[in-house]
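Residue numbers (the numbering used here), protein chains in the order written: chain A, -4 to 286; chain B, 33 to 360.
Among the hints, a few may not be true.
[Said to hold, decoys possible] Stretch by stretch, here's where chain A covers chain B in the computed footprint (C-beta under 8 Å, at least three residues): (1) 91 to 103; (2) 115 to 128; (3) 132 to 140.
[Claimed, not checked] Pulled from the structure, derived: some chain A residues nowhere near chain B, Cβ distances all over 10 Å: (4) Ala120; (5) Leu180; (6) Leu242; (7) Cys266; (8) Ala269; (9) Arg278; (10) Leu285.
Because the hints were derived from the structure by calculation, they are not lab data. Glycine included, C-beta positions come from ideal geometry on N, C-alpha and C.
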Amino acid sequence: MSSSDVRRGARPSVMPKRSSSGWSLLGSEISVLFRRRRTCAMLAAVALIPILLAVAVRLSSEALAPGEGPPFLDRVTQNGLFVGFTAMVVAIPLFLPLTIGVVAGDTIAGEAGLGTLRYLLVAPAGRVRLLLVKYAGAALFCLVATLTLTVSGAIIGAVLFPVGPVTLLSGDTISVSESLARSLLVASYVTVSLLGLSMIGLFISTLTDVPVGAMAATIVVSVVAQILDVIPQLSWLHPWLFSHYWLGFADLLRQPLDLGSFGQNAILQLCYLAIFGALAYSRFVTKDILS
Amino acid sequence: MTSVTPELTPPAQSLAIESRSLTKRFGRQTAVNGIDLTVPRGSVFGFLGPNGSGKTTTIRMLLALSQATSGTITVLGQSMPAGLHEVLPRVGALVEGPAFYPFLSGAANLRRLDTADRHAPGQTRRARVHLALERVGLTHAADKKVQAYSLGMKQRLGIANALLLPRELLILDEPTNGLDPQGTREVRSLVRSLAAEGTTVFVSSHLLAEVEQMCTHAAVMSAGSIVAQGTLAALRAVGEARIRVRTPDTAGALRVLTHLGLEPTRAPLDDPDPNVVVAPLVGDSWLPEAIVTALVAGGVRIRGFAIEDPSLEERFVALTGEGFDVVQ
Ligand SMILES: Nc1ncnc2c1ncn2[C@@H]1O[C@H](COP(=O)(O)OP(=O)(O)O)[C@@H](O)[C@H]1O
Ligand SMILES: [Mg+2]
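All chains, full assembly: derive it from the sequences and hints.
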């Protein structure tokens, strides 16, 4: 252990100035999140969904009757651009919430479980700043996951099926480039759809030091919301469930473009952000860090 | 303008840590019970106590990780936790053992934790991480994943994390846990060199010998309370010297010493030599040579006679009611 000159006169009586690197924690969070093998594995699995779907359709000789199987599936053989849409419909009820549950549930509880939470906080990261950075990381994961699915769907669709102008649900036909733009719109719709669940996960994550518990609880919440959403007796509740508009992106596949459900969905998700953000904040700023 | 002499500086300025009636309860259990810590600036302060006596709980409150049930804390002249954003950048800490991301390398872990501090300049991050690793002797393992580190290496990395920036105060919770004797010596000399540079070091330990070897001041914790606090010299002075007589005539020695007004006892059972009588030497009532003369006159055969200085160990055992692990 050699001594160094850096620490000579190690008694700064004035506070060191805040350097402009307030953002570097966000950079570090993103790089740690996306270089984790677990995150990469989940993204790989997300990318596999459209691939499996397209290969299965390609290999089966029977043609599907219109309306059979998941929405759009019957159109895949005519136009590869439908692979991404179909895969999104398949992934959104369970698989995407599962990955969000893992990422959002891990945010605070994962750091607590490792014990690194106390070192981040004595650095000091600032509790509010840490919450914001953690949420930003989870939100970015939502975006990356849906984009991964969209891109993977477009590529495998183009490889296995003919690609051409797309006939929409409304009967109108749009060009290939327009249809790719619609795919991105669908991806952003689904990303927004998952933001509320991410905030719920963040809140649950502040409640425990056991990351697996927070992950499981977040996934359970998403399943329960979807179950409630199909019980007719609870129809008054349905518009308030964060999962209510999850499959509403079909509206984005009409001509003229209908952004109504996009807006309603965004407002609903904002409400969840506000409520669960406030809960996470009030819980975390007063939490005793005993991990 | 006259320069301010140390005596004239207000106490708050000369103290690195001050707590008043600091208390922490977990449910019905009181982990820390109204402690008044007084840690002077520039000291190496030993926070000594057996396992479970409340050291880590206290440190968590000092660092604003957990909220005190009652009492006040001042760190580096500012009230905590209100002043944590100004105070914590000037404090390096190791709390309840090291903790890292096992899937990142040692250097990547330090860079990650360094980004958490808004005051840590990004341009010098790599250089500072390198220096900190060098300072704890981990340069060779900088790029190894932490999951491949031994406990001792993690402990060193934890100390390196506390040294990423020049600090006014270091709070080290049992820094030598898991280290081999060589590592323990290195930590000791590191603490000395940091203290020589003007850093106040607050170091907790359950090992008396460790505190004796590196600290200038100490507080002794027992079951959540401070039972003694002050400079090491002052803590030692409280104990009393005693005489130790080695003789085959233990009964005679007991009789003579009692006659002199001392309170002799046979050596404790675990003493390797059964033929020993000890007696505390109260004040300077008797000169040792007079005691020897009296013993000889009383027909006691003396094989050995010694005056033992007060041992901190005995004092602390008396204070805490528990033994301390002995470092080899
Ligand atoms: N999170 C907690 N919940 C309940 N009791 C706790 C908690 N943390 C510590 N304690 C109790 O507080 C006491 C002091 O613990 P601690 O401060 O860790 O001791 P030390 O660091 O001196 O070994 C112990 O009796 C311990 O059981
Ligand atoms: Mg402890």
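Quick rundown of the hints versus the structure:
Under the rule that three or more residues need a Cβ within less than 8 Å of chain A, the assignment of the segment 91 to 103 of chain B holds, with 6 such residues. With a cut-off of 8 Å between beta carbons, the segment 115 to 128 of chain B has 10 residues touching chain A; three or more are needed, and the interface restraint holds. For the segment 132 to 140 of chain B, the stated coverage by chain A holds: 5 residues have a C-beta nearer than 8 Å to a C-beta of that chain, and at least 3 were required. The claim that Ala120 (chain A) lies off the interface is violated: its Cβ sits roughly 4 Å from the closest Cβ of chain B, which falls inside the 10 Å cut-off.
Interface exclusion of Leu180 (chain A) from chain B stands, the closest Cβ pair being 34 Å apart, more than 10 Å. No beta-carbon of chain B is positioned within 10 Å of the beta-carbon of Leu242 (chain A); the least distance is around 36 Å. Against chain B, the non-interface label of Cys266 (chain A) holds: every CB pair exceeds 10 Å, the least being about 31 Å. The Cβ of Ala269 (chain A) sits about 26 Å from the closest Cβ of chain B, beyond the 10 Å cut-off, so the non-interface label holds.
The claim that Arg278 (chain A) lies off the interface holds: its Cβ sits roughly 13 Å from the closest Cβ of chain B, which is beyond the 10 Å cut-off. Leu285 (chain A), annotated as away from the interface, has a beta carbon of chain B within 10 Å; the closest lies near 6 Å.
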